[in-house]
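Line by line, the protein sequences give chains A and B.
At position 124 of the first sequence the residue is numbered 124 (our numbering), and the sequence of numbers has no breaks.
At position 341 of the second sequence the residue is numbered 341 (our numbering), and the sequence of numbers has no breaks.
Because the hints were derived from the structure by calculation, they are not lab data.
Bear in mind the structure is a predicted one, so any value in this text is a computation, not a measurement.
Don't take each hint at face value.
[To be verified] Looking from chain B toward chain A, a few residues come up when the C-beta cut is under 8 Å (computed):
#1 152
#2 164
#3 168
#4 173
#5 176
#6 179
#7 180
#8 184
#9 185
#10 189
#11 190
#12 285
#13 286
#14 287
Built from N, CA and C at the ideal position, the CB exists for glycine as well.
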Amino acid sequence: MKNALSGTAMLLALLCWAPSAFGQKLTERYIPVGESPGISGKYSYQGEIKAVDTENRTLTVEGPEGRRTIKVTDRTNIWLDRSQQRQTNISGTMADLQPGRRVEVKYVDYKTPDTADWIKVVATGSG
Amino acid sequence: MNRNTPISMKLAGSAAGLLVCVVAVTACPPTPPPEPTPVERGREIFFNETFNGNGRTCATCHREEDNFGLSPAFIATLPPSDPLFVAETNPDLAENFENPRLMRGFGLIVENQDGFDDLENNFNMRGIPHTLALRTSVDSRDGPQTGWSGDGSPGDGSVRAFSTGAVIQHYPLTTNRIPGVDFRLPTDQELDDLEAFMLSLGRQEDLQLPLPLKGAAARRGQELFNDVNGGKCFGCHNNAGANANPGVFGEGAGNLNFNTGVEDLPDQPQDGIGEKVPPDDGRGTPGNGEFNTPPLVEAADTPPFFHNNSVATLEGAIAFYNGDSFRNSPAGQLLRSATGSDINLDATQVEAVGAFMRVINALENIRTSTALLNRALETDRQKDYDRLRFANEETDDAIMVLSDAGLHFEAVRHLREARNLTRRAADNASPGTARDAIAALQRARNELIESQ
Chain A
1 MKNALSGTAM LLALLCWAPS AFGQKLTERY IPVGESPGIS GKYSYQGEIK
51 AVDTENRTLT VEGPEGRRTI KVTDRTNIWL DRSQQRQTNI SGTMADLQPG
101 RRVEVKYVDY KTPDTADWIK VVATGSG
Chain B
1 MNRNTPISMK LAGSAAGLLV CVVAVTACPP TPPPEPTPVE RGREIFFNET
51 FNGNGRTCAT CHREEDNFGL SPAFIATLPP SDPLFVAETN PDLAENFENP
101 RLMRGFGLIV ENQDGFDDLE NNFNMRGIPH TLALRTSVDS RDGPQTGWSG
151 DGSPGDGSVR AFSTGAVIQH YPLTTNRIPG VDFRLPTDQE LDDLEAFMLS
201 LGRQEDLQLP LPLKGAAARR GQELFNDVNG GKCFGCHNNA GANANPGVFG
251 EGAGNLNFNT GVEDLPDQPQ DGIGEKVPPD DGRGTPGNGE FNTPPLVEAA
301 DTPPFFHNNS VATLEGAIAF YNGDSFRNSP AGQLLRSATG SDINLDATQV
351 EAVGAFMRVI NALENIRTST ALLNRALETD RQKDYDRLRF ANEETDDAIM
401 VLSDAGLHFE AVRHLREARN LTRRAADNAS PGTARDAIAA LQRARNELIE
451 SQ
């Protein structure tokens, strides 16, 4: 039986191959900075925004691990973490990435550590 | 002290003896109960922890009495005050949190896997999958696959992280979903414990097919299941589990996702009642139409089937793969190009595959029931009672899945005997009766499969 399949097996395998695993990303919005299970401290880093280059869409963050610059793409989710104000976390934009704000940045994967998958920004004041 | 000792001295001697005893007891404090294991702690959280939310727990939707899933038939037995129905009792959750008609009528719940920005329009209605055999059905070469479309967990996508997503989706006091206000998120320790408990449920390993089944229908069904010119089921459900066949998809492919065209089924039962049921685009945002491969050993007693509960019967779910919705789907077309033909099972063959799936499900129920009875023999009475009750739930399921298709009458007779004995064991706390129930289960098993 298995031999009968072998000629076509890899074709099926190649065509059906699933994309990389990814979690329920949009639920992340409600998880405060530093609390993403299995991500925070492993596949993300936290720090303070030191510089924003809106033209090149990059963000420079300084944290315990040093200073890192990361690309923000159209596919990067940005969320405003307002949990400290006891308000709903909301979707953000590049404009919310302001120097001095604390952020958590998750990079896409280990192959593309210089591109942000999502960024959570701690809101200050009213947002 | 002899018979002539004055009574006062006897009393004094007794008092001294008592004092010695008291001192001894005080000097040797009672042995503290053993620390609960992570599985035990996880069980406690699973059944009782509301995370400061709307009153739901994990077990609100994943009922132990309903194979850790939740069917419309079971929902119909619940009182109006059950926290499942919070959308009907909490005004803050009346809009865009659940659809009571779809929940009560079809066992469907709201999922916002494509985001929470437009709750009124951007949602999916999905059934509640069981959480059995997760140990065997989550891992893949591309990482963990959870939920109906494999992307059910936030964070790292793992079983451990799943609970965090569930709290946010299903537990909030309001749809504002403010952490610390509408719910609290599970701690790392709680996530560890919940993961340990969930992974402990059901089978811990896959079957190794073919099994030496005794029934002709189940045996033929197993042949068709594993036949590249027949049912072709084994390609995606290797050993009737949730993992892809390594000969087809390569070693370690594990649990995969496919677009099988379930969304294209005509005449879906929930479409005819005038409630909004948006198309479900499956995995990712935007979705690619794919849904996750579930294990099949657990299928027969966990209807209805597919992510939207669109098919009520096991044989209907098997027959789905004969139809145009599957044939025209990406998975159906790939199967045709890879094997040279569509799946084309006649009615008797559909029933044979069904018989096979029913028998392997009954065998799993017998295994679970036996394990619960054995554990009940080792523990205290109250836990005995609970375990015996759930042992009978499993035995009842075995009776149901066989009886509903007219299979293995003699096995069913032994199962009924086991059920009665288990009831008596629960009533009388009699170890002997529990052992008799185990023996009856073994006799039922012997009717289904050659001893291995």
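Structure-based check of all given hints:
1. Taking 8 Å as the C-beta contact cut-off toward chain A, the hint placing residue 152 of chain B at the interface holds, the least distance being around 6 Å.
2. Checking residue 164 of chain B against chain A by beta carbon gives a least distance of about 5 Å; that is within 8 Å, so the hint holds.
3. Interface restraint check: residue 168 of chain B against chain A, minimum CB-CB distance 5 Å, threshold 8 Å, status holds.
4. For the restraint placing residue 173 of chain B at the interface with chain A, the shortest Cβ-Cβ distance is roughly 12 Å, beyond the 8 Å limit, so the hint is violated.
5. Interface hint at residue 176 of chain B: satisfied, since its Cβ lies 5 Å from the closest Cβ of chain A, which is below the 8 Å cut-off.
6. For the restraint placing residue 179 of chain B at the interface with chain A, the shortest Cβ-Cβ distance is roughly 5 Å, inside the 8 Å limit, so the hint holds.
7. With a least beta-carbon distance of about 6 Å to chain A, the hint placing residue 180 of chain B at the interface is held under the 8 Å criterion.
8. Violation of the interface hint for residue 184 of chain B is found here, the shortest Cβ-Cβ separation to chain A being roughly 11 Å, above the 8 Å cut-off.
9. At its closest, the beta carbon of residue 185 of chain B sits 6 Å from a beta carbon of chain A; the interface hint therefore holds under the 8 Å criterion.
10. Residue-level restraint check for residue 189 of chain B is violated (minimum Cβ-Cβ distance to chain A is 12 Å; threshold 8 Å).
11. Look at residue 190 of chain B: its Cβ only gets to about 10 Å from chain A, farther than 8 Å, so that hint breaks.
12. The beta carbon of residue 285 of chain B is positioned within 8 Å of a beta carbon in chain A (closest approach about 6 Å), and the interface hint is therefore held.
13. Given the 8 Å rule on beta carbons, the hint for residue 286 of chain B is violated: about 11 Å separates it from the nearest Cβ of chain A.
14. Because the smallest distance between the Cβ of residue 287 of chain B and any Cβ of chain A comes to about 11 Å, over 8 Å, the interface hint for this residue is violated.
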